[in-house]
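K.L.:
Listed below are the residues making up each chain.
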Amino acid sequence: MLAKPLVYFAYLLKTSNYYQRGKQFFYNLLENPQSKIKSYFDLFMICLVMLSVFFLVYSVEHELSNTGEFFEQCVVSVFISEYLLRAWLYSDSHRIIIKEYEKSEYLNTPFSVLKTLKKVLGKKLEYMLSLFAIIDLLAILPSYRPLRILRILLIFRLFKLFRYSNSIKVFADVLSSKRFELITLAIFMGFLVFISTIAIYLFENNSSGGNVRHLYDAFYWSIVTISTVGYGDITPVTFGGRLVTVALILTGLGVLSFFTSIIVSAFNEKMYTLRENRTYAELSRFDNFIIICGFGRVGQEIAKNFEKDQQPFIVIDTDENNILLAKAKNYLYIQDDASKNTVLTNAGINSGASSVICATGNDVVNVYITLTSRFLNPKVNIIARANRDDNVKKLYQAGANNVIQPFQISGLLAAEYVGQPVAFEAILGILQEQKQILMEALVVYPNSLIENKKIEEIDFKNRKLTLVGVISSNKIHSKRRNRYKVKNQHFYFNPENHFELQAQDMIIVLGRKYSIEHFQDQLEKSRLRSGNKS
Amino acid sequence: MKKIAVFGYNNLSYEAISRLDQKSHDVLIIETDLSLRESAEEKGFKTKDIDFRSDSDLKSIGIGHTIDIVFCFLLEDSSNVFLTLSARAIDKDINIIAIAGSAQSAEKLIAAGANKIIDPYQICGQKIHELIKKPDITNIIDHTVFGRDDLHIAEVAIPTGSYLEDTYSSALSLNELHNLVLIGIVDKELDDNLHFAIGEKDHKLDAGDILVVLGPSREIKTFIKEVAKTGFTAPSN
Chain A
10 MLAKPLVYFA YLLKTSNYYQ RGKQFFYNLL ENPQSKIKSY FDLFMICLVM
60 LSVFFLVYSV EHELSNTGEF FEQCVVSVFI SEYLLRAWLY SDSHRIIIKE
110 YEKSEYLNTP FSVLKTLKKV LGKKLEYMLS LFAIIDLLAI LPSYRPLRIL
160 RILLIFRLFK LFRYSNSIKV FADVLSSKRF ELITLAIFMG FLVFISTIAI
210 YLFENNSSGG NVRHLYDAFY WSIVTISTVG YGDITPVTFG GRLVTVALIL
260 TGLGVLSFFT SIIVSAFNEK MYTLRENRTY AELSRFDNFI IICGFGRVGQ
310 EIAKNFEKDQ QPFIVIDTDE NNILLAKAKN YLYIQDDASK NTVLTNAGIN
360 SGASSVICAT GNDVVNVYIT LTSRFLNPKV NIIARANRDD NVKKLYQAGA
410 NNVIQPFQIS GLLAAEYVGQ PVAFEAILGI LQEQKQILME ALVVYPNSLI
460 ENKKIEEIDF KNRKLTLVGV ISSNKIHSKR RNRYKVKNQH FYFNPENHFE
510 LQAQDMIIVL GRKYSIEHFQ DQLEKSRLRS GNKS
Chain B
10 MKKIAVFGYN NLSYEAISRL DQKSHDVLII ETDLSLRESA EEKGFKTKDI
60 DFRSDSDLKS IGIGHTIDIV FCFLLEDSSN VFLTLSARAI DKDINIIAIA
110 GSAQSAEKLI AAGANKIIDP YQICGQKIHE LIKKPDITNI IDHTVFGRDD
160 LHIAEVAIPT GSYLEDTYSS ALSLNELHNL VLIGIVDKEL DDNLHFAIGE
210 KDHKLDAGDI LVVLGPSREI KTFIKEVAKT GFTAPSN
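These protein sequence lines are chains A and B, in that order.
Using the numbering used here, the first residue of the first sequence is number 10, and each one after it goes up by one.
Using the numbering used here, the first residue of the second sequence is number 10, and each one after it goes up by one.
Please keep in mind that the hints were generated in silico from the structure rather than gathered at the bench.
Errors might be hidden in some of the hints.
Part of the chain B face toward chain A, derived, beta carbon under 7 angstroms [as the list claims (entries may be wrong)]:
#: 1; residue: Phe-91
#: 2; residue: Leu-94
#: 3; residue: Asn-184
#: 4; residue: Leu-186
#: 5; residue: Asn-188
Each residue gets a CB set at the ideal place from its N, CA and C atoms; glycine is no exception.
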C-alpha cells in the first residue's frame, strides 16, 4: 500500500529540477571543496564555534543574559540544521528506492518497502556513525536541558573546527599516515610508563621513606619525567628510585626524539600535498586565470608578460629545472603532467580558468594536452604552439582555438626585416606596444555616442587616433568594400566615410594609450548617460 | 637584386625565404645535411655545402664581395655566434640577421656584430600573450598582415622629384584617395625613427622620407607608382 506513493515520490524527486538544484546548492555550501561559498560558510562556522565556546567559558563564572541564551539557541539551531543537512546530503534516498523498485520490476519479485527503508536508514546510520557526525552530535546534545549534565561535552564544539579548517585536516592526515609508527611508539611508551610506575612505587613508597603515596602518584611522576617536564613536586630520594629516574629520563629523551622525527618525516612527505593545496586555495580566489602548460622559453615569456599585466596564471610542467625557475619567480605552479585529466581539473580548468596555453616544445604533448583540455571543458579558450607545419591542422582538430608557430612567425619577421625594415619596426612597435602606441578594438555599445554614426561624423583626427577598420558580424555591412573574413566575423579595412556603425561593431584604432583610454571613457560615459535617461 | 646567404635549412629559414620577393632577392642556402639540401633543391632553391667555420669557404660563396645579407639560422646558438663573428670580420657592412635560442645568446650575437636578432621563443610567447590580451586585434593582424590575405604593411620611400615632396602629411588623405591607412612616417629631417601617424605632428615630406602604409597589395603598388611620378597631381576629394 505504501509502495506506490513511495516510488512515485522518489521519481518525483528525481525529475524535480527544484529539488536537484536545492541539493546541489547545499552540496556546494557544505561539502564541495571546489566551491567558493563553502569557504565562506566554513569561516562563518569557525566564528560561530569560537563565539559559542566563548559564551561557554563566560558562563562558568557568570549567569548568561537573555541575549546569551538566545544566541546559544541560535547556535544550536544552526548546528542541528547543519547536522540534518549533512545527513540528507550523505546519500540519495530516492535513488536507493528507485534502484530497489527497478530491480524488483526486472526480476518480477514483490517490492519490499521495509527492506528498502532499511537500506535507506542503513545509509543514514552509516553517516551518523562517522567520526565527524559523532562530534557534531556531541556538540549539540549537551544543549538539551535534560542532558545538561553532559555540559562538558560542549568542548566537542572545538573539535568541530576540524571540519572547517584545511590545515587542521592536513595535520590529522599527517598523523594518520604515520599510524603504524605512532602506535608502535605508544605501545613502547605504555610499557615504559607501566614499568617505571611500578618501579618507582616500589622504591619510593611512603613506607620505604619516599614521597610516592600511591600508584596514581607513581603514574603521574612517570609521565612528568618521561616527557622531560619534571615539575619536581615528587622527587626520588632512595638510591633505587634515582636509578629508575636516570633510566627513565634517558629513555624519555629517546622516545621524544623518536616522536619528533616521526612527525617531521610525515610532514616532509606531505609537504608536496600541502604546497599543492595552498596553490589550489590561491587559485580558487581568481575567476579568470590562465593555465600555462610547459614552462620552457615560450612559457617563461608568456608568464613574464602576464606578470606585468597582473593577470593570474598557473604553470604546469614536469621538468624539475623549469619548476625551480617558476618557484624562484614566485609563480603558482604544479609539477605534474598536464595531459592528465586530474592535473588539469585540479588546476581549475572547470573552475575559473579562461584559457589553456599548450606551450611545450613537443607537438605530440601539445596535441594531447589540447585534446584533454577540450574534452574537460568544451568552452575554454585553447592556444597551442606547433613547431612543425604538419601539426597545425592536428592541433585545430584536437580543439585548439588558435595555433602559433614560433618558427613561422620568426621567419616571416626575418623576411619582413630584409624587405622592409621600417615596416618591420612598425609591426613590432604595434605588437609590442612600444612608445605606448597601441592598436585597440573599441566596442560600439548600444546607445553610445558613436552608435548609428557615420565614420565622417566621428572626429578621429582631433582625438589623435587613426581608424584602421571595423570588425562586425552585422549583415548590414555585407556589401561594403575591403571585406576580410576573420574567424566568424568580418573585418572592414579602411571603411568609407558613409559607413554607419552599428551596435556591437568594433572599431580598430591606432593611437597613444591616453587617447584610446580617453575615447573609451567617453564611449562608456555616453552609454551610461543615455541608459539613465531611458 | 639583393644576394642573401641562408645558413641552415629548417622551418624558420623556409618560411623566411618563401616570404621574400623572389624577383628582387637571390637566395643561396648553405646546409651540410644532404637530405635537407635535396629537399631545398626540390623546392627550387640554390644550395651549397660549405664549412661555416672556414673563412675561405665563407669567402668562396661571396661573403665580403657579393653577399648583402646573411641569415644565421643554424640550430646551435654557439654556431650562430661563430658565424656572425666570422662574417662581420670579413665584411663590415654586411647585414646579419641571426636567431637566438635564449636571452643570453641574443646579447652575445649583438656583441658578435649581428644587426638584428630574432628570438622565436620570445616572439611566440609575446604572440600568445597578445592573443589572450587582445584577441580581436591579433586575429586581424594574423589573418591579414601575417596571413596570406591581401592586406599588407608596406614602406614607400619618397623619391626625388615626387609630387609628394614639400607636401604635408596631414594633406595626404591616403585613406580617401588610395584606400590605404598611413601607419607612420620616417621624417629624415628629424631623425631615422618611425613616427606613428596618430595626428600628433604634421610632417613635411621630402625625398628620402619613408611612409609606412597598410592596405591591399594592389593599392600599395598603385600608390608606389604614383609616388614615383613627377609632377603628378593628386586627385582632388
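K.L.:
Next step is simple, just say for each hint if it's right about the structure.
P.N.:
Checked hints:
1. Phe-91: violated, 19 angstroms
2. Leu-94: violated, 20 angstroms
3. Asn-184: Hint holds; Asn-184(B) Cβ to chain A Cβ min 5 angstroms, cut 7 angstroms.
4. Leu-186: Violated. Min distance 11 angstroms.
5. Asn-188: holds, 6 angstroms
Hint violations for this structure: numbers 1, 2 and 4, all remaining hints satisfied.
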